[in-house]
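Numbering (the working numbering), first residue to last: 84 to 205.
What the hints contain is simulated information worked out from the structure, not anything from laboratory work. Keep in mind the model is a prediction, meaning the values are calculated, not measured. Don't take each hint at face value.
To be verified - Label-pair restraints from in silico Cβ distances:
| no. | residue 1 | residue 2 | range |
| --- | --- | --- | --- |
| 1 | 167 | 197 | 14 to 20 Å |
| 2 | 188 | 135 | 15 to 21 Å |
| 3 | 116 | 137 | 29 to 35 Å |
Using N, Cα and C, we set each Cβ at its ideal position, and we do this for glycine too.
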Amino acid sequence: MTGPEHYRAAKRLTDQAAILTPPDEFAEAIGAQQRSYRVTFQRIGRTGGRDGTAPPEPLVARVLNADVLADRIYQYARPFLRSRDVEVAVNLDEMRGLILCGCNNGGTFTIESLDEATGGAR
84 MTGPEHYRAA KRLTDQAAIL TPPDEFAEAI GAQQRSYRVT FQRIGRTGGR DGTAPPEPLV
144 ARVLNADVLA DRIYQYARPF LRSRDVEVAV NLDEMRGLIL CGCNNGGTFT IESLDEATGG
204 AR
């Protein structure tokens with residue numbers, strides 16, 4: 084899958100990721116509060132924002148914690164990556180992260196809290 088196919092697949096995953104947190108995640112984190120984040124990618128893999136191509140559209144996700152956000156980012160980024168060994172690192176203290184493909188850099192991104200930008204959690 085290359086070019087526009089990547090973007091269509093990523094768009095479908097963005098739409099799915101923006102859905103509210105599934106009930107089973109609440110069961111694992113009783114009392115946790117959902118937060119909304121916008122993840123803006125500088126690059127994903129070899130085709131998403133590299134060599135003059137436009138980076139993928141931002142991902143908006145409503146999640147309970149950094150681990151769930153990393154999983155959503157993984158699902159979104161997967162169509163752009165050729166590597167089988169993919170890991171996503173999220174740092175909510177610094178509001179940034181990276182995608183690792185084996186021991187190579189598969190991409191970088193920044194994170195913006197939408198709850199703070201709109202006046203608190205909803």
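Consistency of the hints with the structure:
At about 32 Å, the beta-carbon gap between residue 167 and residue 197 misses the expected band of 14 to 20 Å. The supplied range of 15 to 21 Å is met by residue 188 and residue 135, whose beta-carbon atoms lie about 18 Å from each other. Our hint of 29 to 35 Å for residue 116 and residue 137 holds, since their Cβ atoms are close to 34 Å apart.
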